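Construct all of the structure, not just a fragment, from the sequences and the given hints.
The sequence shown begins at 1 in the UniProt record's numbering and counts up by one.
Derived from the structure by calculation, the hints contain no laboratory data. Hints should not be assumed to be uniformly reliable.
Quick list of in silico lysine-lysine cross-link-like pairs, DSBU-like style, CA-CA up to 30 Å [as the list claims (entries may be wrong)]: (1) K284 to K153; (2) K173 to K130; (3) K405 to K492; (4) K667 to K631; (5) K48 to K295; (6) K597 to K635; (7) K48 to K36; (8) K287 to K305; (9) K273 to K284; (10) K458 to K500; (11) K667 to K492; (12) K295 to K130; (13) K621 to K597; (14) K263 to K280; (15) K500 to K305; (16) K458 to K499; (17) K273 to K305; (18) K234 to K133; (19) K61 to K284; (20) K597 to K667; (21) K130 to K287; (22) K295 to K153; (23) K500 to K667; (24) K133 to K263; (25) K667 to K133; (26) K597 to K631; (27) K173 to K284; (28) K263 to K305.
None of these values were measured; they are calculated from a predicted model.
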Amino acid sequence: MTGINSFPNISSQTIKDLMLRNVSMSGQIPSYIWSKPDLRSLDLSFNKLTGEVLGINLAPKFTYLTGNMLSGEIKSGVYLNSRSNIDLSYNNFSWPSSCQERSNINTYQSSSLKNTLTGLLPCAGPITCKHYKRSLHINCGGETVTVTNSSGKITYQADNSDKVKAATNEYFKNWGISNTGDFMDDSSDEDTYIISTSSTLPGDSPDLYKTARRSALSLVYYAFCLENGEYNLKLHFMEIQFSDQELYSRLGRRIFDVYVQGKLFLRDFNIRKEANGTLKSIVKELKAVNVTDHKLEIWLYWAGKGTTLIPKRGNYGPLISAISLCHSMEQHCGVEKTKHHISYALIFGITGPLIAIILLALGFYAQRKCRRDKKRDLRAQGLQTVCFTWRQLQAATNNFDEANKLGEGGFGSVFKGELSDGTIIAVKKLSSKSCQGNREFVNEIGMISGLNHPNLVKLYGCCVEKDQLLLVYEYMENNSLALALSGNSSLKLDWAARKKICMGTARGLDFLHEGAAIRMIHRDIKTPNVLLDADLNAKISDFGLARLHEEEHTHISTKVAGTIGYMAPEYALMGHLTEKADVYSFGVVAMEIVSGKSNTTQKGSDDNAPLIKWAMTLQQKGDIIEIVDPKLEGKFNSLEAERMIRVGLVCTNATPSLRPLMSEAVKMLEGEMEIPQIMSGPAVYGHDLNFSKLMEMQESTSMSGYGLSPFNQGSATSNSTAEFFS
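As structure tokens, this is what we get:
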């Protein structure tokens with residue numbers, strides 16, 4: 001039956017099995033359906049049915065409402081009917097406050113068509129990822145299998161759970177399965193959602209194809225806790241259920257669609273036709289699959305085409321043998337490293353003195369290189385970037401005219417320029433006499449040249465000529481956030497703009513910490529290093545102090561470098577550097593955005609307490625909204641403002657472990673995650689080293705914005721930067 005418009009009137013008929021699947025039926029499900037005593041199975045999947053479902057607690061034993069537009073709250077009566085297998089996936093249902101989902105009720109929510117349920121799995125709650133994966137290999141329907149190829153050995157995880165049947169949603173360590181549909185007319189097929197073959201299979205990895213998982217209607221594999229980025233996906237198929245030698249099975253056709261991340265990948269896919277026969281493998285590869293929310297979804301869906309009656313109805317649903325997922329940056333994804341027995345004592349005995357000699361030679365060379373009169377060669381640093389000529393940048397900036405100067409600091413100046421193709425640029429010209437500037441020049445290129453994110457400033461290239469070091473950035477029309485908040489700019493930030501800037505800064509940091517292929521800690525997050533483009537999009541800049549994030553270590557013990565008032569206490573006092581130091585700095589920036597005040601100039605309350613300490617005092621008094629910038633004249637969303645303040649306080653907690661990850665801070669700002677209770681604690685930098693003492697310890701001047709301080713009306717200003725050993 002195809003193409004019916006509304007539900008047929010069958011109120012007076014005796015029906016045991018009713019299948020109206022994928023027939024474009026619209027309207028509401030009549031209430032009498034739920035009171036028909038002889039109705040054993042009801043399949044209304046993949047139609048356009050709307051409205052609430054009343055009386056579902058009396059549902060038939062097999063009830064499939066998959067892929068409609070049904071809505072309303074799922075009543076508690078559903079859970080009392082444990083005899084039923086009910087599939088409610090791909091609708092718009094909501095749950096009561098007390099979540100009591102059972103294994104016989106499938107409510108899988110997809111990234112493209114989903115129920116309005118909380119978390120990836122409704123009753124399991126949101127999944128917390130301690131570590132993010134860059135690969136996943138699954139032997140669908142089978143045991144753990146190790147496959148050897150030219151690169152080495154790859155282990156495919158077992159997928160042999162017999163719990164994954166009709167109307168189920170099962171998840172494992174970092175992946176899960178949702179299965180929809182039942183082979184309703186085949187009583188012997190109760191446990192055959194996993195099938196296998198005893199035939200001898202061809203190819204290099206036959207064990208990977210001896211089993212497969214299938215479904216009558218819809219089969220979804222979803223991976224979570226993935227590192228964001230682009231992935232290469234391989235789907236392995238082989239028709240092992242039917243043989244070309246059997247006449248009745250030669251007549252059947254298995255046709256289904258495959259969606260990846262909600263987008264159609266394979267339409268009307270026929271395994272036997274693609275592989276040119278049964279018991280022959282076929283691999284379909286999809287490159288550059290984008291993972292942005294640490295999740296990936298693969299949906300195999302029987303779209304109502306192909307065989308439905310030969311040899312048994314429903315046996316020709318989607319089927320898959322294995323899945324292989326690899327981050328595009330992985331050269332040998334999932335390959336196990338071969339262990340060799342090596343005499344490390346012998347190796348260290350031979351290489352130790354050699355390494356010492358090399359390090360001494362490099363140290364001597366670096367010292368002479370810094371003292372020598374400006375003979376720098378970028379290629380010697382092993383860095384790859386676009387190289388501009390001195391003449392290009394000289395012409396672009398009108399010979400570095402003072403009228404084009406945007407800012408100035410301890411390591412040089414920034415000039416506005418225009419290339420011959422009309423591109424507006426910002427050129428940072430570093431002082432040729434600064435060894436520290438030389439180090440930051442190399443570090444900046446190495447850190448930012450491979451990064452691309454809407455909330456990170458773009459580095460176009462560099463120039464190493466005429467004893468000069470120059471960096472070329474995209475031009476930011478509205479300069480820095482510090483300048484906008486200081487009142488020395490014609491730019492007036494309303495509440496919507498402040499919220500947008502805060503969210504953009506948070507997302508940029510989240511990318512640096514968790515989303516980038518090379519994760520890093522910025523070390524100098526502050527309002528002068530948050531630039532604003534023409535649309536007030538926030539972009540983090542100045543990566544001269546950035547350090548790579550070493551996951552195998554709890555923290556990095558390093559020379560302290562950063563800006564007073566933004567440094568986390570454990571970093572300022574002991575040199576312990578983790579990504580939580582950036583979180584602290586972001587908390588200060590968020591508080592400055594909402595208050596319009598600077599934490600480094602102590603313009604808080606009347607007693608000149610630092611901004612964070614003043615905010616904590618107001619929070620304890622219950623007057624936290626008083627911190628909002630008076631320039632807004634009361635024109636702001638009080639709920640959003642309070643949320644931003646509370647996030648700022650949580651991020652500046654004196655205890656690093658109590659600060660959120662930046663990904664969690666983003667969710668808190670978006671209102672998608674509860675903000676923990678803010679606990680009062682010691683002063684901003686503890687009892688032993690307070691704000692004033694840190695100010696006295698400053699030894700140098702930091703670069704802001706494009707790595708320099710804001711330049712306004714012909715005069716230069718600078719922010720205090722501490723750089724010292726603890």
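Here is what the structure says about each hint:
For the proposed pair K284 and K153, the alpha carbon gap of about 21 Å is at most 30 Å, so the pair holds. A hinted pair counts as satisfied when its Cα atoms are at most 30 Å apart, and K173 with K130 qualifies at roughly 11 Å. For a cut-off of 30 Å, the pair hint linking K405 to K492 stands: about 22 Å separates their Cα positions. Between the alpha carbons of K667 and K631 the distance comes to roughly 27 Å, so the proposed pair stays at or under 30 Å and holds.
Proposed proximity of K48 and K295 is supported: the alpha carbons are some 28 Å apart, at most 30 Å. Restraint check for K597 and K635: the C-alpha separation of about 17 Å stays at or below 30 Å, so the hint holds. Among the hinted pairs, K48 with K36 is consistent with the structure: their alpha-carbon atoms are about 23 Å apart, no more than 30 Å. Under the criterion of a C-alpha separation no larger than 30 Å, the hint pairing K287 with K305 is consistent with the structure, at around 27 Å.
Using a Cα cut-off of 30 Å, the hinted pair K273 and K284 holds, with the two alpha carbons roughly 13 Å apart. At most 30 Å may separate the alpha-carbon atoms for a hinted pair to count; K458 and K500 meet this at roughly 19 Å. The hinted pair formed by K667 and K492 meets the criterion: a straight-line CA distance of about 27 Å does not exceed 30 Å. Distance check on the hinted pair: K295 and K130 sit about 14 Å apart at the alpha-carbon level, within 30 Å; holds.
Distance restraint check for K621 and K597: the Cα-Cα separation of roughly 20 Å lies within the 30 Å cut-off, and the hinted pair is therefore satisfied. A C-alpha spacing of about 27 Å is found between K263 and K280, which places the hinted pair at or below 30 Å, so the restraint holds. Taking the CA atoms of K500 and K305, the gap is about 47 Å. The hint is violated against a cut of 30 Å. Pair hint K458 plus K499 holds up; C-alpha atoms about 22 Å apart against a cutoff of 30 Å.
The suggested pairing of K273 with K305 holds, with an alpha-carbon distance near 15 Å, which does not exceed 30 Å. Among the hinted pairs, K234 with K133 is consistent with the structure: their alpha-carbon atoms are about 17 Å apart, no more than 30 Å. The suggested pairing of K61 with K284 is violated, with an alpha-carbon distance near 37 Å, which exceeds 30 Å. Proposed proximity of K597 and K667 is supported: the alpha carbons are some 25 Å apart, at most 30 Å.
Between K130 and K287 the CA atoms are separated by roughly 27 Å; this keeps the pair inside 30 Å, and the hint holds. A hinted pair counts as satisfied when its Cα atoms are at most 30 Å apart, and K295 with K153 qualifies at roughly 25 Å. Taken as a hint, the K500 and K667 pair is honoured in the structure, with Cα atoms around 14 Å apart against an allowance of 30 Å. Restraint check: the Cα-Cα separation between K133 and K263 comes to about 23 Å, which is no more than 30 Å; the hinted pair holds.
The hinted pair formed by K667 and K133 meets the criterion: a straight-line CA distance of about 21 Å does not exceed 30 Å. Restraint check: the Cα-Cα separation between K597 and K631 comes to about 11 Å, which is no more than 30 Å; the hinted pair holds. As the CA atoms of K173 and K284 are separated by approximately 25 Å, the hinted pair is consistent with the 30 Å bound. Proposed proximity of K263 and K305 is supported: the alpha carbons are some 19 Å apart, at most 30 Å.
In summary, the structure is inconsistent with hints 15, 19 from the numbered list given earlier, while agreeing with the others.
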